[in-house]
Structure formats: C-alpha cells, structure tokens
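Colleague: Now for the letters of each chain:
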Amino acid sequence: MAAMSLLSARGLIRHFGGLRAVDGIDFDLEAGQIHALIGPNGAGKTTFVGLLSGRIPVQSGTIWFNGQDITRLPAHRRVALGIAYTFQITSIFAALPVYDNVALAAQRLHRRDLRVHSMAHLARVGLEGRADQVAGTLAYGHQRLLEIAMGLALEPRLLILDEPTQGLANAEIDGFKALVRGVTPQTTVLLIEHNMEVVMDLADRITVLDAGQVLASGAPAEIRANRAVQAAYLGG
Amino acid sequence: MRVWTLHLAVLVLLFGLQFVLPPYHFTNFARIMVLAVFAMGYNIAFGVTGLLSLGHALLLAAGMYGTGLAITALGWPAAPALLAGVVAGGVMALAVGVLALRTAGVAFMIVTLMFAQAGYLTILYFGPVTGGDEGLVLARGARAIGGLDLSADTPRYLAALALFAVALLANLALVRSRLGRVMVAMRENEERSRMLGYNPFAVKLAALVISGLYAGAAGAGYAVLFGYIGASFAGIQYSILPLLWVLLGGAGVVLGPLVGVLVMFYLIDISSGYTTAHLLVVGLALLVLVLFAPKGILGALRERLWPWLP
Chain E
6 MAAMSLLSAR GLIRHFGGLR AVDGIDFDLE AGQIHALIGP NGAGKTTFVG
56 LLSGRIPVQS GTIWFNGQDI TRLPAHRRVA LGIAYTFQIT SIFAALPVYD
106 NVALAAQRLH RRDLRVHSMA HLARVGLEGR ADQVAGTLAY GHQRLLEIAM
156 GLALEPRLLI LDEPTQGLAN AEIDGFKALV RGVTPQTTVL LIEHNMEVVM
206 DLADRITVLD AGQVLASGAP AEIRANRAVQ AAYLGG
Chain F
1234 MRVWTLHLAV LVLLFGLQFV LPPYHFTNFA RIMVLAVFAM GYNIAFGVTG
1284 LLSLGHALLL AAGMYGTGLA ITALGWPAAP ALLAGVVAGG VMALAVGVLA
1334 LRTAGVAFMI VTLMFAQAGY LTILYFGPVT GGDEGLVLAR GARAIGGLDL
1384 SADTPRYLAA LALFAVALLA NLALVRSRLG RVMVAMRENE ERSRMLGYNP
1434 FAVKLAALVI SGLYAGAAGA GYAVLFGYIG ASFAGIQYSI LPLLWVLLGG
1484 AGVVLGPLVG VLVMFYLIDI SSGYTTAHLL VVGLALLVLV LFAPKGILGA
1534 LRERLWPWLP
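Protein chains in written order, with the working numbering: chain E, 6 to 241; chain F, 1234 to 1543.
Hints may contain errors.
Have a look at the derived ranges for each label pair, beta carbon to beta carbon [stated by the list, open to error]: (1) F:1434 - E:64: 21 to 29 Å; (2) F:1525 - E:67: 52 to 60 Å; (3) E:145 - F:1435: 28 to 36 Å; (4) E:114 - F:1536: 31 to 39 Å; (5) E:174 - F:1335: 43 to 51 Å; (6) E:21 - F:1238: 49 to 57 Å; (7) E:114 - F:1312: 40 to 48 Å; (8) E:64 - F:1525: 46 to 54 Å; (9) F:1328 - E:174: 51 to 59 Å; (10) F:1395 - E:114: 32 to 40 Å; (11) E:21 - F:1362: 50 to 58 Å.
Keep in mind that the hints were calculated from the coordinates and are not lab data.
The beta-carbon is built from N, C-alpha and C at its ideal position, and this holds for glycine as well.
I would like the entire structure built from these sequences, with the hints used as guidance.
Modeller: Okay, structure coming up:
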C-alpha cells in the first residue's frame, strides 16, 4: 500500500494558537489519480496542502513523497522534487507579460528551447495568443488559467490545485475539467474544490476534512452515501 | 536588436563626446560615468530585485578603500589594486547580505543602514591608515596602467568609459538572462517565485553580490581615476544618492542610472551657479518628479513610448 503511494502523510498537526487547523491527519495519495479534498469552510484544506507544499511548516507528523521524507524540506526544494502548488487567490506576476509568467516556471527544467516549451504550456490553457499581454490586464478567468499553466509548466509529479474553478464561468469549467483529465495519469492531481459537480466528475477518490481531521475517504459513490459527510457538509 | 542598437549608440555617443566637450565638462562626464556604474549596481539590487538598501555607501567604500589601501599601504600597482577593489565590493556585499537578508522591507533598510554606519565609523577609527575624514590622495605615479597615466584627462575619460561600457553591457545581458528574470520575479511576487522552485534567499544574495561588484568597481575606479579616497564616500549621503539617481532616471531601466546621475549632477552644477540654496532646487525637482513621473524619466518613457526598453 505504502509503495503505491506517491505521497503519504502521518499524524500531521498544525495549530494556530487555539485554532486546530490541521489536527492529526493521515493521508495517502495514489500515483496517477485525481484526488479531491472537500470540506466546509475552515475545515483546514488550504492549511493541509500548505503543509504538503511546504508553504507552512509542520508542527508534528511526517510527510513522505516518492519514497523520501520531505517533512523539513523548504518549499522551493519540494517544487524541485515535483510538487507544484497553484494558489487559491490568484498569484501571478501581474506586472510581467503572460509569457514571462510561464517562462519563469519552465526555465528551471528547460535550458534550451524555452520559448517552445513555454508557448506549449500556454497553448494547453488556450492563452498562446496572449503571450505578450501584461498578465494583470487579463480577464479574471484567464488569470486563473494562467495560474494553472504556471503549475503545468513546472511539469510536476503532483499538481495541487487550490479551488481552481472559483469564479470561472460554466464554459470555462468544462475546459478546465478536460485539461485536468488530460494531465493524468502522468501527473497526480490533488484538488481542493467546492463545486461538487466538478468533484464528482473528476475525482477518482475523495477525502473529506472537517475541523482539521479526516471525516471520510473513499470513492465518490461511497462519499455520496456517507451519512457523516452528508450531515457535516452536503447538508443532508 | 534595437535594444542592443540603442545601448551601443549611447556608448558611441559617450565616446564621441570627448572630441567636443570643454575641459570642465570633460572631467565631469568621467565622474558621471563612474558614479553611474555605482548607480547601476544599486539599480540591480533595488530596481530589478526590489531590495531597498540604505547601506550601499559601504560597498562603494569597500571598493574605494580596497583599491586605495592596496596602493598606499601595500604598494600594489594600479591594475591588481583595481581588481582588489572590485572583489572587496563583492565580498562586503556577501557578508552584509548573508546577515541582512534574514530581514525584509523596513528592517532590511535599517540593518543595511547600520552596517554602513559601522563601516563609516570603522574608517574614521582607523584614521592613521585610512586618512579618516581628510582622506588620502593617491600619488600620480601609482595611477598608471601599462604606461597609461590615468590622471590625465583623455586616458581618464576613456578608462571611465571602458568601465561604464563593460558595466552597461553586462547589466543589459543580466536583465535579459534567466537569472535576471528570476530577480524581477522576486521583486514582483516573492511567495509565487518560491512556489516556482526558486530560493528567495539565494537569488537575493546573488543580486546583492552582483550589486556589490558594481559598487566595488565604481569605488575602485573613482580611487584610481580621481586619485582620492575619503570617509565621506562611506557616509549616509552616498547611500541615499544612488537611490535618488535610480528613482530619477527610472528604477529597473538599464539606462536609468546614467540618466539619473547625469541629470542630478547638472541640476546641482547649474543651480549652484545661481544660488547657494541649490539643494532646494534639487528638492523641488525631485518633488516634481514624484508627482508627475513617479517611475522616473526613462520609466515614464518606457510606459508611454518605448515599452521594449529593458
């Protein structure tokens, strides 16, 4: 079981003062899957993936990635190992051209043909025609797509998407779903998502967090049928 | 293509000026080019990478004393002494950076300022060696490289231009390189850069060391070309001046430092011919700038006319 996992976490804890944001989470992520993380607001989802990506230091517990203990590695080293994180609140280089945003992500891996690789990643999200535009002037939905393109340009083994569809129009959400399906199974996806339709459509497996703990974990059908989840989250 | 053309044209223009400038301005321009190298170094830290240092006088002084003391105390020839000054600037930046980069923002400003003040006081404390407040004059014989007397007008101008040209082209290459792109990324959004796999500390330290090499080269060049080293160059004034030069010329624009130094130099030069309150004129000019062109002269030009200006 552990050998199958791309990432596994044991006993993760992160408290902020009296707030038990992450309170003893065990978690396994199987390679090649799309794994959704759901739960009510304040359940600790963003803090939890912050611990995985290294944005937030772990208080106690261990994280293994691809057979290596990464618990104490700084965030930029984890990116080099293949963990990419896209921000919940769009975090692009607003003053720089769209091209530079993606090139910054791609240039660590590609010494040669940077332009070709960067444009290919932009094309995956349909922004290749806007490469020279200043990123901050893009429409909101396009900024979200750029954020995802930056994550893809890291060519990660694990792509963590924090509420990627927030604020997207329905047509854009369809495009997003196709995009995420396209990156698996080469890339494993961990998806924080509020839109249940997207979750049920995409996810191979779902973990439900509540008050910093794992409430349930399983296939979409199991989660849908789980009474505790219905009570806590789906509202019956 | 047009980027290189523009910068080469500036260098050709500076080369041609030697045939038309009257002697007084001839010396001024040599000084301006050396100070512009210092300002370029500051621009790499502040304009490109977003590190607002208030201690760059220390790096200028490191270069100046590195070269000056190698000549006066150790009796080195000018060429290796110049090199010693450049290295001293880089090493000083590394030492300050390793400690100061544990902070950011206002704390970084204060820590760098404190380091520079400590350096200033150290120079005064070792007055018998450094010349203290009065400084030291470098003998004319010690200011020659390969038979070329750098205290004479034309060789001095050409040496200043050579230093400036190397610094300018290296700066241009840097901002168009991958490292340059990452340095800009640190300025624009450090957290995002970190999550793209870049170590903010390492990138900022690299920027600071490059900046220190520039400041060191300027200090070293100033010592040899103008034959004087003094504690005043380590004072707070020389930490504030590069900031003003860069803001005036255009922060983050490669040619900005040259324009900033040039305009400020002649603003002081011309206004002091009319009034003893010339700093008032400078102050007013800076106010006008902040109000109407907050991105500096070339920054405004880039925004409105030449978006391709690096």
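Colleague: Now tell me if each hint is right for this structure.
Modeller: Tested hints:
no., hint, in the structure
1, F:1434 - E:64: 21 to 29 Å, "holds (23 Å)"
2, F:1525 - E:67: 52 to 60 Å, "holds (58 Å)"
3, E:145 - F:1435: 28 to 36 Å, "holds (33 Å)"
4, E:114 - F:1536: 31 to 39 Å, "holds (33 Å)"
5, E:174 - F:1335: 43 to 51 Å, "holds (45 Å)"
6, E:21 - F:1238: 49 to 57 Å, "holds (56 Å)"
7, E:114 - F:1312: 40 to 48 Å, "holds (42 Å)"
8, E:64 - F:1525: 46 to 54 Å, "holds (52 Å)"
9, F:1328 - E:174: 51 to 59 Å, "holds (54 Å)"
10, F:1395 - E:114: 32 to 40 Å, "holds (39 Å)"
11, E:21 - F:1362: 50 to 58 Å, "holds (54 Å)"
Checked against the numbered hints given earlier, this structure breaks none of them.
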